[in-house]
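2 protein chains.
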Amino acid sequence: MNPNNPVLNHHISSQFNEDLQALNTKFMTMGGLVEQQVANAIRALLDTDATMAIDVQFQDNTVNRYETEIDEAITLILARRHPAAIDLRMVIAMSKANTDLERIGDEAAKIARIAQGLCEEGGSPRGYMETRHIGNQVRVMIHDALDAFARLDVDQALKVLLADADIDREYQSATRTLMTYMMEDPRHISRVINVMWVLRSLERIGDHARNISEQVIYMVKGFDVRHTSVEEIEQKVQR
Amino acid sequence: MNPNNPVLNHHISSQFNEDLQALNTKFMTMGGLVEQQVANAIRALLDTDATMAIDVQFQDNTVNRYETEIDEAITLILARRHPAAIDLRMVIAMSKANTDLERIGDEAAKIARIAQGLCEEGGSPRGYMETRHIGNQVRVMIHDALDAFARLDVDQALKVLLADADIDREYQSATRTLMTYMMEDPRHISRVINVMWVLRSLERIGDHARNISEQVIYMVKGFDVRHTSVEEIEQKVQR
Numbered sequence: 001m002n003p004n005n006p007v008l009n010h011h012i013s014s015q016f017n018e019d020l021q022a023l024n025t026k027f028m029t030m031g032g033l034v035e036q037q038v039a040n041a042i043r044a045l046l047d048t049d050a051t052m053a054i055d056v057q058f059q060d061n062t063v064n065r066y067e068t069e070i071d072e073a074i075t076l077i078l079a080r081r082h083p084a085a086i087d088l089r090m091v092i093a094m095s096k097a098n099t100d101l102e103r104i105g106d107e108a109a110k111i112a113r114i115a116q117g118l119c120e121e122g123g124s125p126r127g128y129m130e131t132r133h134i135g136n137q138v139r140v141m142i143h144d145a146l147d148a149f150a151r152l153d154v155d156q157a158l159k160v161l162l163a164d165a166d167i168d169r170e171y172q173s174a175t176r177t178l179m180t181y182m183m184e185d186p187r188h189i190s191r192v193i194n195v196m197w198v199l200r201s202l203e204r205i206g207d208h209a210r211n212i213s214e215q216v217i218y219m220v221k222g223f224d225v226r227h228t229s230v231e232e233i234e235q236k237v238q239r
Numbered sequence: 001m002n003p004n005n006p007v008l009n010h011h012i013s014s015q016f017n018e019d020l021q022a023l024n025t026k027f028m029t030m031g032g033l034v035e036q037q038v039a040n041a042i043r044a045l046l047d048t049d050a051t052m053a054i055d056v057q058f059q060d061n062t063v064n065r066y067e068t069e070i071d072e073a074i075t076l077i078l079a080r081r082h083p084a085a086i087d088l089r090m091v092i093a094m095s096k097a098n099t100d101l102e103r104i105g106d107e108a109a110k111i112a113r114i115a116q117g118l119c120e121e122g123g124s125p126r127g128y129m130e131t132r133h134i135g136n137q138v139r140v141m142i143h144d145a146l147d148a149f150a151r152l153d154v155d156q157a158l159k160v161l162l163a164d165a166d167i168d169r170e171y172q173s174a175t176r177t178l179m180t181y182m183m184e185d186p187r188h189i190s191r192v193i194n195v196m197w198v199l200r201s202l203e204r205i206g207d208h209a210r211n212i213s214e215q216v217i218y219m220v221k222g223f224d225v226r227h228t229s230v231e232e233i234e235q236k237v238q239r
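Same order as they appear, the protein sequences are chains X and P. All the letters of the first sequence, read from the start, carry residue numbers 1 to 239 under UniProt numbering. All the letters of the second sequence, read from the start, carry residue numbers 1 to 239 under UniProt numbering.
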């Protein structure tokens, strides 16, 4: 039972309540796992911890399994329970957010693969400060997006949308810095490019956290805020 | 009416038939538009056609509008018609593939933005041959994936999965070539990096075409083949 989420226990059919709660529990467990995967991938890179880098890549199978199971559970609920109104929106939102969580898992695995390569080469390339900073921010974004989902919290979701705009700016600036490093010392081009891929993955993770937050707003408010500026969304939500 | 797709006209309710057909038509129109966007983005880059580059970025709004409308239509069908079996799988597959089409549109817009920048700088950087080659291949993949979707053609879908494996290999090789260009002539690092982003976008487009093909197999066969090797999928499908 989740006392913060009124959608999960308002049904006359107790079986429907149980199905939705089981789905929700699985979704939140997957979310927690994915958040941990991102944290571990960044740690593997910054601490040059090859064992952890391998573990993250291995654990991606678990993330993938969750994705499959969640989609199966969603299909069963749609086929048997014919959810309507906010129930239907929750199921649809979870179906979309499930894809985003799995993609975040993919990006974490990509970062871990690069981390493993850099561990084997040894040494610590430039651009790690930027990676640490942006990495911490996207971790918080994933956490906040999942929290907003669990508590149907539109304000929290808006916070994530604003954070994503920051990430995009910092990503641009970090990319420019890395470009300068490459021009200064072309011998390190290949390593710096790898750090660039890591930053790109982090930026993509921020986008996915944003997508999940957009689904929270859809679920609670019933309107689609994708392809809408944060300012417009804020106005719409406050109406 | 689509004579090749038996799902679209087998229902007792003619209203249900009409709803599904309208959805399918919209989905296929969006698919055609997205395919064109990718073709135009690559052309803008290779022909240094700034007008076309701007047009592709502008047209991305149309793609986004389709995404929203298709998801609305899907929600209405789920709420009113309670589809079951292959109808339900088709609606779910379209919901997932809709996201992939929109992301392909995003990647096309990204390529167009880079093309615009490179037009303004003038000159033709290295790596265009690789771009042309991989670009042509992913265009064919999108086309084949949509064709497989329209005709419920599992063999065609498998063909796309095999093509994606090729793209991934060619992308790796092209990336290595570009890295060599940068080391040979560090003055062009920033331009070559831009071509690298284009190749990355093309590789992502290939992944999305693969995702759509996986949804075709799910729709027709009823099993989830994501996170499964092409060899395993071929065995499963032939059983």
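What the hints contain is simulated information worked out from the structure, not anything from laboratory work. None of these values were measured; they are calculated from a predicted model. One thing to keep in mind: the hints can contain errors.
The list treats identical chains as one, so a pair stands whether inside a single copy or across any two.
[Unchecked claim] Capping the alpha-carbon separation at 30 Å, the derived lysine-lysine pairs in DSS-like fashion look like this:
#, residue 1, residue 2
1, K221, K96
2, K236, K110
3, K159, K221
4, K159, K96
5, K96, K236
6, K236, K159
7, K159, K26
**Within, between, both or neither, where K236 and K159 count as close if Cα-Cα is 30 Å or less** = within (15 Å within a copy, 45 Å between copies)
**Copy assignment of K159 with K221, given that the CA separation must stay at most 30 Å** = Within. Shortest intra-copy distance 16 Å satisfies the 30 Å Cα cut-off; inter-copy 42 Å does not.
**Message:** Reference check for the pair K96 and K236, CA-CA at most 30 Å: within, between, both, or neither?
**Reply:** Close inside one copy (22 Å) and across copies (26 Å); limit 30 Å.
**Item:** K221 and K96: within-copy, between-copy, both or neither at 30 Å Cα
**Value:** both (16 Å within a copy, 22 Å between copies)
**Prompt:** Given identical chains, is K236 near K110, meaning Cα to Cα at most 30 Å, within a copy, between copies, both, or neither?
**Reply:** between (37 Å within a copy, 28 Å between copies)
**Message:** My question is about K159 and K26: at a cut-off of 30 Å on alpha-carbon distance, are they close within one copy, between copies, both, or neither?
**Reply:** Cα proximity of K159 and K26: one copy only (25 Å, versus 34 Å across).
**Request:** Using 30 Å as the alpha carbon limit, work out where K159 and K96 are close: within a copy, between copies, both or neither.
**Result:** both (20 Å within a copy, 26 Å between copies)
Checked against the numbered hints given earlier, this structure breaks none of them.
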